[in-house]
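Chemist: As numbered in our numbering, residues 1 to 397 make up the sequence shown, in order.
Some clues are possibly wrong.
What the hints assert, rightly or not - Straight-line Cα separation of at most 30 Å, BS3-like style, residue types lysine-lysine; simulated pairs:
1) Lys-164 with Lys-146
2) Lys-7 with Lys-119
3) Lys-204 with Lys-232
4) Lys-232 with Lys-169
5) Lys-336 with Lys-387
What the hints assert, rightly or not - Okay, the calculated beta carbon distance ranges per label pair:
6) Ile-56 with Pro-271: 29 to 37 Å
7) Gly-265 with Asn-347: 21 to 29 Å
8) Val-318 with Thr-167: 36 to 44 Å
9) Asn-94 with Glu-21: 39 to 47 Å
10) Glu-203 with Asn-94: 44 to 52 Å
11) Ile-56 with Glu-203: 47 to 55 Å
12) Gly-62 with Lys-380: 39 to 47 Å
13) Asn-3 with Thr-167: 50 to 58 Å
14) Arg-90 with Gln-275: 23 to 31 Å
15) Gly-31 with Asn-347: 16 to 24 Å
16) Pro-149 with Pro-120: 20 to 28 Å
17) Lys-223 with Ala-344: 33 to 41 Å
18) Asn-283 with Glu-61: 24 to 32 Å
19) Thr-167 with Asp-63: 52 to 60 Å
No lab work stands behind these hints, which were simulated from the structure alone. Even glycine gets a Cβ: it sits at the ideal position worked out from N, Cα and C.
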Amino acid sequence: MINETYKQMLSGKSVIRELSEYATKRGQEIGYENVFDFSLGNPSVPAPQSFTDEMIRLLQEGDPMDLHGYTPSLGNAQYKKAIAESLNERFGMNYGPEHIFPTTGAAGAIAHAVRCVTKPGDEVITFAPCFSEYTPYVDGTGASLKIVPPDTETFQINFEEFEKMITDKTAAVLVNTPNNPSGIAYSTQTLEQLSDILTKYSEKYGHTIFLISDEPYREIVYKGADSPYVSKFYDHTLSCYSFSKALSLPGERIGYVAVNPACEGADIIVPMCGQISRGTGHNCPPSIIQQAVAKVCGETSDLSVYEVNMNIIYETLVELGFTCVKPGGTFYIFPKALEEDSIAFCNKAKDYDLIFVPGDGFGAKGFFRIAYCIDTEKVKRAMPRLKQFVEEQYPNR
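Let the sequences and hints guide you as you build the complete structure.
Modeler: Next comes the structure, spelled out in structure tokens:
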């Protein structure tokens, strides 16, 4: 019999993917250069030349059996060692290779992390606005996701509402900083307060509440932003990372779980991840990609274009009267729509070939997301169209 759960999920197709497909179809009609597609968070800068050079070197000089064979179930030793050393050097941590588990991007990392620290019936708490795919990630483990409503003034954590949601079933808290979709980085003060609360309620309920930190935008941080490394604040943290954004490698699907060495179960969580892989059919990222990334994991693509684009868009939004919290990183900005119904707002924008994503799916109705990982030239050309849209549709704003 067909599984009804997944059958029902077919009707819940990603709004972001639908908008991206619409933009592609519209581009076939009028030329994609005339469609201002701000829907999909796909990096717009190339991978570093050093990564390409290393891939070429490996293919020309490496042992084919080593490059294309199975890796150990817990990952390539060279990759794990390089990640641990890089994190230690940058953030003053003390990871060893035994604390690193290679995954297929941050999604694979979260899937493993949640399974490591929850059981069916447990609860995981996250904070709106949040990535819409967190729900299936968590639901697939048998746990359930609770979403704290947003603090729309700052998009930092709404601590008052958060504490109301913590119960004896709370097994983990899932954070994303810098944040998709708001672009906000959680501050030192926010992370200190979060750590204090997790410690307090862990003691109250007699079990550790783990912190799962989703960090694919960790390297895209803007000048002056306070964006510290989450695991520095709370011992029981599992960091989930992807090189999709930092190295512009989304299609290579490579990331990792990094288990804080002071975490409860730090000596067994990575081996547990290996057993989770057995049960889910997940295996390590390709051997050649692990080897190549091990050589360049301390580098990034040229990410400066994203801050340039952000400033252009932010200044235009403010000029047009939008309420908007200025991002501290990522390549997203999350303004308040000019009417209560952000879906209606985004549908009107489509008539001007402006493709925005409503905030409803992120847990923040009335807002919309702009993904500005596109060429700066196109961002500049989009601003007059945005002004036209606003002036014609919302003259009394």
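Chemist: So, for every hint listed, does it hold in this structure?
Modeler: Okay, the hints, checked on the actual structure:
Of the pairs offered as hints, the one joining Lys-164 and Lys-146 holds, with about 11 Å between alpha carbons and a cut-off of 30 Å not exceeded. With a CA separation close to 24 Å, the supplied pair Lys-7 and Lys-119 stays within the 30 Å bound. Straight-line distance between C-alpha atoms of Lys-204 and Lys-232 comes to about 23 Å, which keeps the hinted pair within the 30 Å bound. Note on Lys-232 and Lys-169: the hinted pairing holds, with a Cα-Cα distance of about 25 Å set against a maximum of 30 Å.
Restraint check: the Cα-Cα separation between Lys-336 and Lys-387 comes to about 16 Å, which is no more than 30 Å; the hinted pair holds. At roughly 35 Å, the beta-carbon separation of Ile-56 and Pro-271 lies within the given 29 to 37 Å, and the hint holds. For the pair Gly-265 and Asn-347, the supplied restraint of 21 to 29 Å is violated, since their beta-carbon distance comes to about 48 Å. At about 41 Å, the CB distance of Val-318 to Thr-167 agrees with the hint of 36 to 44 Å.
For the pair Asn-94 and Glu-21, the supplied restraint of 39 to 47 Å holds, since their beta-carbon distance comes to about 46 Å. The supplied range of 44 to 52 Å is broken by Glu-203 and Asn-94, whose beta-carbon atoms lie about 25 Å from each other. A hinted range of 47 to 55 Å for the beta carbons of Ile-56 and Glu-203 is consistent with their spacing of about 54 Å. Checking the proposed 39 to 47 Å range against Gly-62 and Lys-380 shows it holds: the Cβ atoms sit about 43 Å from each other.
Checking the proposed 50 to 58 Å range against Asn-3 and Thr-167 shows it is violated: the Cβ atoms sit about 30 Å from each other. The hinted range of 23 to 31 Å is satisfied by Arg-90 and Gln-275, whose Cβ atoms lie roughly 30 Å apart. At about 22 Å, the CB distance of Gly-31 to Asn-347 agrees with the hint of 16 to 24 Å. For the pair Pro-149 and Pro-120, the beta carbons lie near 26 Å from each other, so the given range of 20 to 28 Å is met.
A C-beta distance of roughly 36 Å is found between Lys-223 and Ala-344, which places it inside the suggested range of 33 to 41 Å. Checked against the hint of 24 to 32 Å, the pair Asn-283 and Glu-61 passes, with Cβ atoms roughly 25 Å apart. Range check, Thr-167 to Asp-63: Cβ separation about 53 Å, and the 52 to 60 Å hint holds.
When each numbered hint is compared with the structure, violations occur for hints 7, 10, 13.
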